[in-house]
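**Q** The residues making up each chain are set out below.
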Amino acid sequence: MKESKRDFITGAEVVIKACRDAGADIMYGYPITPTCEILSGWINEGYASLQTEDEIAAGFGVCGAVLAGQKAFTASSGPGHILLQDAFAMAEGMRLPFVMIVGQRGGPSSGTVIYSQQEVMLSCFGGNGEGMRFVYSPSSLNELYSLTRLAFNDAWKYRFPAVLLTDGYMLKTTGVIEWEKIKDVENSPTFTRLSDGANVHWPNIYTAEEELYEEVMVMNKDYKKAASKVAKAEEYLTKDAKILLVAHGIVAASAKEAIVELRKKGVKVGLFRPTTLRPFSKKQFDKAASNKSVKKILVAESSLGQLARIVHDEMDPEICKPFAYLQKPALGIEIEDIYNFVLKNNK
Amino acid sequence: MPEAKFCVGCGHPIALMALNKVLDEMGLTKKAVLGLDIGCSLLAWNYLPVNTFQTHHGRVTPTMLAFKRARPGSICLAYAGDGGSYAIGWQSLFHAARRDEPITVIVINNTIYAMTGGQTAPTTMHGEKTPTSPNGYPDEPFHGPEILKDIVKPGAYIARTAVNDMAQMRMFIKKAIETQQAGHFSLVEFLSLCPVNWHTNGPDTLKFLEENMKPVFKVGEIAG
Amino acid sequence: MRYKILLAGDGGQGIQLMADIISKTVFQADLYITSVSNYGLEQRGGASLNYLQISDKPIGYPKFRKPDLLIVMSKQGRQRTEQNQLPGVETLNFEYYNGILEKENIKSQSLNVLFIGILAKILKEKKICNEKEIFVLLEKRLGKKTNWEENKRAFEIGYSK
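Protein chains in written order, with my numbering: chain A, 1 to 347; chain B, 1001 to 1224; chain C, 2001 to 2161.
Don't read these hints as lab results, they were simulated from the structure.
Treat the hints with caution; some may be incorrect.
In silico DMTMM-like links for lysine to aspartate or glutamate, alpha-carbon gap of 20 Å or less [said to hold, decoys possible]: (1) A:K265 / A:E336; (2) C:K2024 / A:E13; (3) C:K2024 / A:E334; (4) C:K2057 / A:D196; (5) A:K5 / C:D2056; (6) B:K1174 / B:E1221; (7) C:K2057 / C:E2042; (8) C:K2161 / C:E2133; (9) C:K2057 / A:E180; (10) A:K183 / A:D7; (11) C:K2066 / A:E336; (12) A:K225 / A:D240; (13) C:K2066 / A:E261; (14) A:K183 / A:E13; (15) B:K1030 / A:D196; (16) A:K264 / C:D2056; (17) C:K2057 / A:E261; (18) C:K2057 / A:E336; (19) A:K5 / C:D2030; (20) B:K1030 / B:E1178; (21) C:K2066 / A:E257; (22) B:K1153 / A:E53.
With the hints as constraints, model all of the structure from the sequences given.
**A** In structure tokens:
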């Protein structure tokens, strides 16, 4: 994995390296900004790939490869991500490990092409099911690498599909990645139920309601078991925090920098950053939020409340704390924005 | 898994039987994988002694071609209806044929969407009445094989047969599988039977195939 | 230490080249740097921006509103950075530097190289990196292309400003 101690590379290049190191055999994809460089970069490395006629074929291509026992993935954004949810739902139903890199762009519709955090709900709950998928949200280049690796490993270990949810700022930023700060991990093995002559049927449709009910309940049990291992969050200076900031992805990076400045001014503010949005690290959040020192919870995101909805849905209803929201759909949230927002709420 | 069941008089089991015989003859049963589209095709889940998987409507072709890329030694059979092939799955089928993906697509043409109650399909014939064309279908039917003929690469194989001609079915399937083994795209369309949605009795069902369908959809080898 | 530079101009003016050369030099100096480009939907002719941040510590968020240095290379670039033209931001405007190039009989295509020269000077004064390393990279990228002599002069003019 490491030829040098540190590299100056783009987020897209980090993703390519992570997918390859995770053991990905093939990428199926269709170009859409801001994830084009993942597809072209992967192809230019000489790795196996197919540029399909649309995202639908890319998604089902991933499914076909996985059914046959390969590690495969795709990358997309916005309207392409919507089309991919067709195959992603099949992966959920058939327990196929399916890794999808999502570089969020502005929405709804074609929106804008570089940045947003509006594909949270689509990633977590975009299928006609119960949202049994893993969604990772990295907030640095180092983490973009390690969470991509983890997405593959968890997907193949627990056999649920996984989204690596990032954005165009992250993918298009060239920055420093420090390999010595990243722990190398072993890859999960691949598998297939359809080995030659197995005479097995791998279904996704059932005749009777009872049959599917049983399937979904087994899936639910497996998902809950996996969730206790998969759900993760980072806390930053939350111990004595009067204000608890909640943010994910690149907004959390901005929040962290704002917190450093605010702490210098004596403002007791900390950050709760879910690194998995689904499953959400509920227990850890409840503990942080119910901490007596916390007087107010602030949720900052580049959407009109998609993260806030998850927080409210997951939070123990007995935690009665006032909330405030910094919501800028499709806009970046800069350090100054968070700094001023926290000050305003610290009166 | 319960037993796979088709309606009485359905054409699917006949097509599947022919496929099974050919796989058996060629000694390919263990290497075969049958991908099922949605629609009545999905009912073939354990009809044959081969590996199978189901997909979504129109998605068996892109799924199967990726399976083939992953396991080039397997015999990849994408099994779909006329809707999954020529309507919702047409974009993928067209490009798979254009790229000469070495898979065998089997299309069951019964001129309607059978599983959902007989609605209009791209293969519905002019004047044919369906629940979504109650006054008779005003357009001409879609001829998938004839269109694909012009875009496939040399070496590809495309043919149309009918479920009342066992010898021809077996010959065409065999050629299609040999084409796949030679590294090229192949497709066989089967003119099939659907007495339930055609509202026909035994003799009229066969009469519909012979007198209504065959003059519109010409059986024979179309490419390769 | 944190130094933020915002480059703003038109696509085709060589802004991404500027960012590339500066950031690679800084990276070689074992510092942290982020560079994020920003442009519109059009492949040509739109505004082109690049946000550069240099630090001795890891950098979290790659964008910023208030740069330390704003380099405005075109009218479109000025329009796109209205919100960044805040009090205390050192701003270099293309009109003045185009005038200098004209006096020296150098084509305005070398404007980006002149600004690289200015940046080399500033970064040297801030002890971030050496102008020679920047020049070596510049020569690697442009040395074999036409107008190299003019570009070399533009760099020197920039560096002496």
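**Q** Evaluate each hint against the coordinates.
**A** Structure-based check of each hint:
{"no.": "1", "hint": "A:K265 / A:E336", "verdict": "holds (14 Å)"}
{"no.": "2", "hint": "C:K2024 / A:E13", "verdict": "holds (16 Å)"}
{"no.": "3", "hint": "C:K2024 / A:E334", "verdict": "violated (25 Å)"}
{"no.": "4", "hint": "C:K2057 / A:D196", "verdict": "violated (54 Å)"}
{"no.": "5", "hint": "A:K5 / C:D2056", "verdict": "holds (16 Å)"}
{"no.": "6", "hint": "B:K1174 / B:E1221", "verdict": "holds (13 Å)"}
{"no.": "7", "hint": "C:K2057 / C:E2042", "verdict": "violated (35 Å)"}
{"no.": "8", "hint": "C:K2161 / C:E2133", "verdict": "holds (18 Å)"}
{"no.": "9", "hint": "C:K2057 / A:E180", "verdict": "holds (15 Å)"}
{"no.": "10", "hint": "A:K183 / A:D7", "verdict": "holds (16 Å)"}
{"no.": "11", "hint": "C:K2066 / A:E336", "verdict": "holds (9 Å)"}
{"no.": "12", "hint": "A:K225 / A:D240", "verdict": "violated (32 Å)"}
{"no.": "13", "hint": "C:K2066 / A:E261", "verdict": "holds (15 Å)"}
{"no.": "14", "hint": "A:K183 / A:E13", "verdict": "holds (18 Å)"}
{"no.": "15", "hint": "B:K1030 / A:D196", "verdict": "holds (6 Å)"}
{"no.": "16", "hint": "A:K264 / C:D2056", "verdict": "holds (19 Å)"}
{"no.": "17", "hint": "C:K2057 / A:E261", "verdict": "holds (15 Å)"}
{"no.": "18", "hint": "C:K2057 / A:E336", "verdict": "holds (19 Å)"}
{"no.": "19", "hint": "A:K5 / C:D2030", "verdict": "holds (11 Å)"}
{"no.": "20", "hint": "B:K1030 / B:E1178", "verdict": "holds (16 Å)"}
{"no.": "21", "hint": "C:K2066 / A:E257", "verdict": "holds (15 Å)"}
{"no.": "22", "hint": "B:K1153 / A:E53", "verdict": "holds (18 Å)"}
Going through the hint list in order, the structure does not satisfy hints 3, 4, 7 and 12.
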